[in-house]
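Chain by chain, the residues run as shown.
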Amino acid sequence: MRITRVVSAALLTLGLAAGPAAADSTPSASPSDGDAAPTSAGTSFRTATEIDQGRTATANASAGDYLYWSFPADTGQRPTVKATVKLPAEHAAQTWQIDVYDGLRRRQACQHGAQTRTAAAGTESVELACVLRTVRAWSEPWADDPLPGTYYLRLTAVGVRTADLGQPVAAEVRVESKDMGGAAAVDGRLAEPLIPGVAMERRQDENENGAGAEAEEESGASAVLSAIEPDDGWSSGWWSDRWVWTASGAVLAALAGIGGYALTRGPGRPRHVPPNV
Amino acid sequence: MIRKQWSAMGLGALLAVLAAGLAFPAGAAADETTADAPKVNLVIDVSGSMRERDIDGQSRMAAAKQAFNEVLDATPEEVRLGIRTLGADYPGDDRRTGCKDTAQLYPVGPLDRTEAKTAVATLTPTGWTPIGPALLKAADDLDGGTGSKRIVLISDGEDTCAPLDPCEVAREIAAKGIGLTIDTLGLVPNTKMRRQLSCIAEATGGTYTSVEHTDELTEKVNQLVERAADPVVTPVAVEGAARCADAPALESGLYTDREEFGQERWYRVDVAPGQELRASVSVAADRAVNPDYAVLLRAVTEHGREIVRGEAAGNGRTDVISTGLRYPKPESDGDGGDGEEAETGAETVCLRVTNSFSAASGVKTSPGMPLELTVDVVDGPAQAADVASFGLGRGWWLLGVLVVAGFLAGVLWGWLSRWRVAVWRTN
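Sequence lines, in order, name chains A and B. The letter at position 21 of the first sequence is residue 21 when you use my numbering, and the numbering goes up by one with no holes. The letter at position 302 of the second sequence is residue 302 when you use my numbering, and the numbering goes up by one with no holes.
Calculated from the structure, these hints are not laboratory results. Hints may be right or wrong, so weigh each one.
[Said to hold, decoys possible] Derived SDA-like pairs: lysine to any residue, alpha-carbon spacing no greater than 20 Å straight-line:
| no. | chain 1 | residue 1 | chain 2 | residue 2 |
| --- | --- | --- | --- | --- |
| 1 | B | K192 | A | A163 |
| 2 | A | K86 | B | G57 |
| 3 | B | K192 | A | K86 |
| 4 | B | K192 | A | P168 |
[Said to hold, decoys possible] Not close to chain A: a few residues of chain B, all C-beta gaps over 10 Å, as computed:
| no. | residue |
| --- | --- |
| 5 | K100 |
| 6 | L197 |
| 7 | G304 |
[Unchecked claim] If you only want the chain B side, here are some residues facing chain A, beta carbon under 7 Å, derived:
| no. | residue |
| --- | --- |
| 8 | G205 |
| 9 | T207 |
| 10 | V233 |
| 11 | V236 |
| 12 | L250 |
| 13 | S252 |
| 14 | V378 |
| 15 | A382 |
| 16 | S389 |
| 17 | W397 |
| 18 | L402 |
In this text the structure is predicted, and so the values were computed from the model without any measurement. The beta-carbon is built from N, C-alpha and C at its ideal position, and this holds for glycine as well.
This is chain A alone, in the form it adopts within the complex (with noise of 0.2 Å):
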């Protein structure tokens, strides 16, 4: 049956293509295509180049542009974001400033850390560091809390003299985060995390499913104001370490009430009574 051997065969080979392309196709939302760390950087909003967190970011750039990255950040976190700029050998007095924004873009604070520093004339580089507040899983519209979503990091010179602009410059970054547990967990839940462009996503998956091949054509060139996402995918919001205190605290109490009541009622039946009276 030489046509089933060829059919069996064109199938194999299809199944062993599809294989490793399926598995290609599933992080094609992680921001860097393989392990390779992003080398350039955005600038802007909308061309900020996405990175990981724990993971260095380079870019060559000059005095004065203004350097654009975005990481995302999922509940419970508390992120820490460090930028490095090497300085030409010769150059005045410079003041460099790191600005954190979430996926409204609205400025976020940072607890601690030197945002802005100013490197004296001649210095070889200068080191910033930002440490934001904790990631909530809710809050309310009012409240400029920091949400799980994608955030921004601005690099930019904010003092800087003209005869200095347009110097070639070396910055890093490296954004990483520390877990608070189930300290900041909240009730509460946003139905989508805070990246911006999420509601269009949305409604291209939905003409693609509609529409089919045309439009699946069409979306596979377009691009996404942000296709970020942590590693192991947004977190449900359901997990807290909560569970477990809680749960302990009741297996805890039942057992305290067990002590308390075998203390109190003694040993059981008084032995002088006898059985079945």
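Based on the hints, put chain B in the right spot on chain A.
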């Protein structure tokens, strides 16, 4: 080949435009299929001063040529690249003629590397530095298509064609086209030139770089061409109204507009019950502004009641000031609302954007500053019923309280059952 000969003959702008016209049909078919291909126009200064030998021991022109050759080799396939010269053809002293001297050396379209390189090789430093007119023409070269557009200006001197301020020209260009960015590179710059080139760059959200070495030039131009190839969401142009009633209705998307100093812009968004409106706005400082500024975004009902606002203020050097807001519309308004809208229908939320930028008296106020607005209407959040997640507890105090309460309950239960046994025995 025809085109190459012509530019070598130096017939000037008219013929170059003609050449572009002739060359275009060849690339037209490709252009139609890729209307969103990114376009880059390299604008190079070929003025007399490019003869100076101060970049790594060779002349500025030679450095630029070397860099161009490397850039042409590295240009990504999908990028439509063009080259325009300024001051390449007229060696005379007449300012009027000298300031019109800009020509298209290689038309914006699919790149033929050999042809482009041959064209670049013919360049000899000649004339004036008409940056303003060259930018205007370069913007025309990039006309059409929906992809990102970028002009890379390489110059070694400030504009010699006053009163047309290239900085104003750049701003006009940015106001005209969507997503056009001008990046500038200054070869061995002086202070005045730095100021002018960085002004041009900042007017369009581009970058300015000083170049002292050939490899810096190559690396930077490559970086800029690659940046153009990155897919970017193109915003939709929209014009906000002066009051809510006339405002354009927006759906989820990315929009741009222009806003003058102190002007207010209104937009409308429909939000159904159970949905959440997310809006963020940024106003870019594309000209010299006073160091203290702010932006205010308010979500207002049709009747003028403020629902929520986002505000941001800043001072010092900046490219943009931005803020945002969230408005989750409750599932059912019940009787709690103002009775302003039908029970089930979508509510129209008016978004009002104002800025408090100001500038010194000499600075032009129109066209307004670029404004970018993101609107997302998503499902509403699950409201918090408690401060803690699901109202659960945590910590040693909780455990202590539970243990004590459990113990007391046990003791009480023990007493009760003892008392019951005692009662049963007496009976």
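Results for each hint:
no.	hint	result
1	B:K192 <-> A:A163	holds (9 Å)
2	A:K86 <-> B:G57	violated (27 Å)
3	B:K192 <-> A:K86	violated (26 Å)
4	B:K192 <-> A:P168	holds (19 Å)
5	K100	holds (29 Å)
6	L197	violated (8 Å)
7	G304	holds (18 Å)
8	G205	holds (6 Å)
9	T207	holds (5 Å)
10	V233	holds (5 Å)
11	V236	violated (11 Å)
12	L250	violated (11 Å)
13	S252	holds (4 Å)
14	V378	holds (5 Å)
15	A382	holds (5 Å)
16	S389	holds (4 Å)
17	W397	violated (10 Å)
18	L402	holds (4 Å)
Violated hints, listed in ascending order, are 2, 3, 6, 11, 12, 17; each of the other numbered hints is respected by the structure.
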